[in-house]
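Asker: What follows is the residue order along each chain.
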Amino acid sequence: MKNIMTLADAVALNVHDGDTVAMEGFTHLIPFAAGHEIIRQQRRDLRLVRMTPDVIYDQLIGAGCARELVFSWGGNPGVGSLHRFREAVDLAYPRSLELDEHSHAGMSVRYSAGASGLPFGTLRGYVGTDLTKYTDNVRRITCPFTGESLAAVSALNPDVGVIHAQQADRHGNVGFWGILGVQKEAILASRRSIVTVEEVVDEFDPSVRVVLPHWVVSAVAVVPRGAHPSYAHGYYDRDNAYYRAWDEISRDRDVFSQWIQTHIMNTSDFSEHLAMVEPTLAEV
Amino acid sequence: MTAETVDASATSDYTADELMTIVAARELNNGDVVFVGIGIPSTAANLARQTHAPDVVLIYESGTIDTKPTKTPLSIGDGELAETALAVVSVPEIFAYWLQPGRIDVGFLGAAQLDRHGNLNTTVIGDYEHPKVRLPGAGGAPEIALASKRTMLVLRQSARSFVDKLDYVTTVGHHEGNGSRATLGRAGNGPAIVITDIGVLRPDPVTDELTLVSLHPGRTIEEATAATGWPLKIADDLEETTPPTLTEIEALRRVSAR
Chain X
3 MKNIMTLADA VALNVHDGDT VAMEGFTHLI PFAAGHEIIR QQRRDLRLVR MTPDVIYDQL
63 IGAGCARELV FSWGGNPGVG SLHRFREAVD LAYPRSLELD EHSHAGMSVR YSAGASGLPF
123 GTLRGYVGTD LTKYTDNVRR ITCPFTGESL AAVSALNPDV GVIHAQQADR HGNVGFWGIL
183 GVQKEAILAS RRSIVTVEEV VDEFDPSVRV VLPHWVVSAV AVVPRGAHPS YAHGYYDRDN
243 AYYRAWDEIS RDRDVFSQWI QTHIMNTSDF SEHLAMVEPT LAEV
Chain Y
12 MTAETVDASA TSDYTADELM TIVAARELNN GDVVFVGIGI PSTAANLARQ THAPDVVLIY
72 ESGTIDTKPT KTPLSIGDGE LAETALAVVS VPEIFAYWLQ PGRIDVGFLG AAQLDRHGNL
132 NTTVIGDYEH PKVRLPGAGG APEIALASKR TMLVLRQSAR SFVDKLDYVT TVGHHEGNGS
192 RATLGRAGNG PAIVITDIGV LRPDPVTDEL TLVSLHPGRT IEEATAATGW PLKIADDLEE
252 TTPPTLTEIE ALRRVSAR
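Protein sequences, first through last, are from chains X and Y. Counting from 3, one number per residue, gives the positions in the first sequence under this note's numbering. Counting from 12, one number per residue, gives the positions in the second sequence under this note's numbering.
In short, the hints are calculated from the structure, not lab data.
Here are the simulated DSSO-like pairs of lysine-lysine, each with C-alpha atoms no more than 30 Å apart in a straight line:
#, chain 1, residue 1, chain 2, residue 2
1, Y, Lys160, Y, Lys82
2, Y, Lys176, Y, Lys160
3, Y, Lys176, Y, Lys244
4, X, Lys135, Y, Lys143
5, Y, Lys160, Y, Lys244
6, Y, Lys143, Y, Lys176
7, X, Lys135, Y, Lys176
8, Y, Lys160, X, Lys135
9, Y, Lys160, Y, Lys79
Using the sequences and the accompanying hints, generate a full structural model.
Answerer: In structure tokens, the structure reads:
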């Protein structure tokens with residue numbers, strides 16, 4: 003119970019300028035509300051980590067929160083490019099963005115090593131690719147038992163891990179289901195963590211597949227529809243129209259800035275933004 | 012398909028993407044375990060499952076194993092993939108336990124650029140530090156192409172996509188050719204087929220160089236050569252791709268409809 007608080011307090015307490023922040027959710031349960039709150043509190047110089055930086059990181063990058071991106075696939079799924087990400091890479095606007103680029107398998111091993119408290123993880127990967135030319139976080143290692151040459155990837159241990167889940171119970175334990183992504187590893191790899199949830203329940207739904215005990219979660223905040231425009235299995239579907247509309251909003255600097263001002267800076271929380279994008283959501 | 016009559020009569024009423032999808036679907040065998048990328052690979056795999064290969068096993072990198080969506084998903088993480096899956100596992104598990112040990116028969120990928128040995132670029136056009144076009148990056152492709160027993164590639168063929176030298180090697184295919192892939196360590200056999208909007212290419216058994224083995228109906232060798240950034244090798248027994256049947260087209264439109 004002690005870890006249940008408002009999202010504004012959770013971000014104020016746990017996310018600091020210069021932090022390494024991992025926000026996970028693999029197309030499902032993407033913590034958009036938490037991303038908005040980090041923009042609202044104007045955090046700067048963040049090293050942002052995410053396997054699939056999609057629209058949520060396009061917003062953070064465009065709003066000037068990030069100095070570095072650690073990732074494996076950056077795009078607007080099913081739509082196209084991330085225009086704020088591309089402008090940061092191509093034109094250093096609104097500021098330069100360093101890249102530490104990997105494969106999905108490599109990123110997932112980096113998180114798993116971090117969650118395991120190990121300095122690195124191994125995989126059979128990264129061979130014959132230029133990925134290794136532009137990162138210091140992949141080396142070759144020889145298996146001490148078989149002599150096989152393997153990739154070693156350095157552990158990821160973010161300062162803060164941020165995810166969205168369907169449910170917390172009254173003790174602040176967190177439960178989620180559906181596509182599971184790399185959320186469990188991201189939270190266990192991180193020094194501090196924030197979990198937004200759809201609701202607090204007396205008993206977890208039997209669908210729950212992953213439980214994170216309250217003593218590994220720094221803060222739980224109740225934010226209904228907090229993963230919108232991504233989806234929460236059992237609660238609401240993906241808002242595909244929002245992803246398509248984002249292409250137009252993010253294409254132009256001024257349109258984007260106005261959107262951030264209206265939807266994030268001029269709102270006090272995520273529910274006000276939701277009421278704007280779809281008035282009917284307010285009734286949910 | 013059992014109760015339906017199969018209309019095997021050829022049709023010319025199809026788009027280039029539909030033809031690529033149908034040709035790709037035909038390459039999947041019933042029972043193949045397929046690691047599926049989004050786009051044409053996903054549509055083709057679902058088409059195969061709903062036509063000649065009902066027991067094909069579809070695996071998406073979002074961790075859904077043996078999923079049976081009724082419609083082709085928009086993204087690799089659609090809810091229907093989880094709802095219709097035999098099992099849903101985490102992303103670390105799908106790569107470490109299911110892909111890496113060699114349990115996957117077919118890795119099925121698209122790309123922005125490809126070279127004559129089936130190596131792929133999905134990262135940048137131009138210089139890495141100052142790219143002309145920044146692309147999404149690697150995703151699951153490097154290890155999918157490494158560990159799958161064979162790889163199928165689908166992309167449109169043009170002088171911009173079929174290049175002499177990749178701007179960036181994201182994903183290795185047959186490496187530098189002539190069996191050099193084998194020097195990369197334990198891995199599957201690499202690209203077995205490339206399906207384009209013009210024809211079908213397969214690697215030469217000795218040099219691994221992609222060779223045009225089939226032209227789609229109405230396409231010419233000249234078109235294929237012009238759309239290739241290296242001197243394209245043509246198979247001696249060049250075939251014409253069997254056109255889509257009405258049954259195939261109808262099934263494809265059914266799985267793609269939204």
